[in-house]
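Given the structure of chain A, go ahead and fit chain B onto it with the hints provided.
2 protein chains.
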Amino acid sequence: MSVKEETLLLVAPVTWAGIWTAPIAAQAPELKVFVHDRDEYDPAAIDYVLSFRPPPGLLKTLPNIRAVFSLGAGVDGFLADPEYPRQVPLVRFVHESLAREMAHYAVLHALLFHRRQRNFDAAQTDHAWRQSFPPRKTEDTHIGIFGMGEIGCVIAAAFRDLGFPVTGWSRTRKDLSGVRSYAGEAERAEFLAGTDILVCVLPLTDDTRGILNKDLFAQLPRGAYLINIARGGHQVPEDIISAIDGGQLEGATLDVFDPEPLPPNSPLWSHPKITVTPHVAALTDPFVMAKSAVDGIRLIQSGKPLINVVDFERGY
Amino acid sequence: MSVKEETLLLVAPVTWAGIWTAPIAAQAPELKVFVHDRDEYDPAAIDYVLSFRPPPGLLKTLPNIRAVFSLGAGVDGFLADPEYPRQVPLVRFVHESLAREMAHYAVLHALLFHRRQRNFDAAQTDHAWRQSFPPRKTEDTHIGIFGMGEIGCVIAAAFRDLGFPVTGWSRTRKDLSGVRSYAGEAERAEFLAGTDILVCVLPLTDDTRGILNKDLFAQLPRGAYLINIARGGHQVPEDIISAIDGGQLEGATLDVFDPEPLPPNSPLWSHPKITVTPHVAALTDPFVMAKSAVDGIRLIQSGKPLINVVDFERGY
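The listed protein sequences correspond, in order, to chains A and B. Counting from 1, position 29 in the first sequence corresponds to residue 1201 in our numbering; the numbering is continuous, with no gaps. Counting from 1, position 28 in the second sequence corresponds to residue 1200 in our numbering; the numbering is continuous, with no gaps.
Hint data in this document are derived by calculation from the structure and do not stem from the laboratory. Keep in mind the model is a prediction, meaning the values are calculated, not measured. Take the hints with a grain of salt, since some may be wrong.
One copy or any two copies: either way a pair holds, since identical chains are not told apart in the list.
[Claimed, not checked] No farther apart than 30 Å at their CA atoms in a straight line, the calculated lysine-lysine pairs in the DSS-like style are these:
{"#": "1", "residue 1": "K1445", "residue 2": "K1309"}
{"#": "2", "residue 1": "K1204", "residue 2": "K1309"}
{"#": "3", "residue 1": "K1463", "residue 2": "K1309"}
Bound conformation, chain A alone (with noise of 0.2 Å):
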């Protein structure tokens, strides 16, 4: 019996090619699988792509792809392309291990934060015993989830189980057990009052591009904390470094930034009280994400419908 063979595009940066093609080689041995921008390849003979931001315009010119694969749970990168060929379903990479790992990002520095850490490491160097007294109060540190999807609701409740107060805001309100949820632009506010660390997990879309900007800093309590783990584009970094040199945020950890990498000379690396990272936050097992996205292509392979495909309406 003779199967047609399927072909897999790598569209992502070749010095790191080896991290995706050696676990799909290892998941998927049938598939051939080529890297663009490194290997000749027949882009009619190409049946899926897999890709975290593929270059405007690219997609289009592949006239058989059944399938998209991201490889994050963000897909502004793809919507990005206004040639996105939209009769192909876009499959979102959604997993436990993501939010988990983006979980004990967001708790590592909301902790940095909560117990000034930075404060000591500063003692440390000094070689001087400074305790700082009183603490902050857990019970009155309150955290809000700025976008409560998969990833979100994970995020709160790793919080909840620490015994922060924590609330989130979503488009729809959602029903986690200990977790208040706010719903909609009406209750927007409400919830950017309460919330003394903000976590941003929103899609980028429309509607959250530029969101956390210097309007959205000054409905928050005086000397709140921000941390950013969705995408650079919600962020303006003018106003956060006002905010905070105002006293409006006591500081910010910035995990995305647009454009990616940071340029060396952006003025976020070296402010004081921000910490820069460079978009390691949901970093997850290759192998993991390389078998999400076989798993897709198993289910196209027997027929079945795919699952996290992404409504190009909602653009998430």
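Okay, now just chain B, sitting in the frame of chain A:
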């Protein structure tokens, strides 16, 4: 009706006395409170003592004290007094907020290591976009809780809920869902061999003094990480430094020292792979701590048995 005025003696650094006297006055306004080294008082008139580490010999000069309340969970500061009047009950401070705050500290420092945040801090200093690929896997990072008392169990549950594999070691076996319990000397080596991040919350007794030494580190997997939030007396600082310099330990976070404050010339301050904090893991709301002592006094006043009384034979 005339009631004898009851008195409480606070034995704590005079500069911080107000942190404790204010919440005591608020919760037990009928108590007369003296501060040792600040106020004149009649030793025979003292009913209760509140302290953390009283000067040896002081307590035996108070002939009529009915109970001694510790400001901390650990009571080695009292047991170090050979003249402690053992007919007087010594009451440990036990409160869920204490365990929770210590869990936050342990989670913060475990995640700082697990997520390589110090590397990202260094990259930020260089304005360099340096991802650390592949990430350390949560499933493969085994947290070992050394000492599974009330506090150890809360810390174990916190790590478990964050998705880490967790084990615990204690003198007697514990039953905590999802956490493997090792008990006694016979099972200690196996516990240590499977621990990537060791969190020490043991009581300080003759059995545990100096336990964090090179022989113990040699039983951990190479590249393990140490977090000590128990007592400085548990650790041998020169062994920690040589274990790190030799690669057996990848680093350590130390919150406790012997003596405290840690002297400015200690090499622990300046080691690049050691985080030093000034005994703040368990800093807890003074109101909560004062309430715990007041609750104990209320039990005595109403003729009920005290709880959380130290067993002098066991040492905790």
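Can you give me the call for K1204 and K1309, within, between, both or neither, at a CA distance of at most 30 Å?
-> This pair counts as between: shortest inter-copy Cα distance 28 Å, intra-copy 56 Å.
Homo-oligomer pair classification [K1309, K1445; C-alpha up to 30 Å] | both (21 Å within a copy, 29 Å between copies)
Check K1463 against K1309 for me: Cα-Cα at most 30 Å, and say if that holds within a copy, between copies, both or neither.
-> Only across copies: K1463 and K1309 sit 16 Å apart there, 42 Å inside one copy, limit 30 Å.
Consistency with the previously given hints is maintained throughout, with no hint failing.
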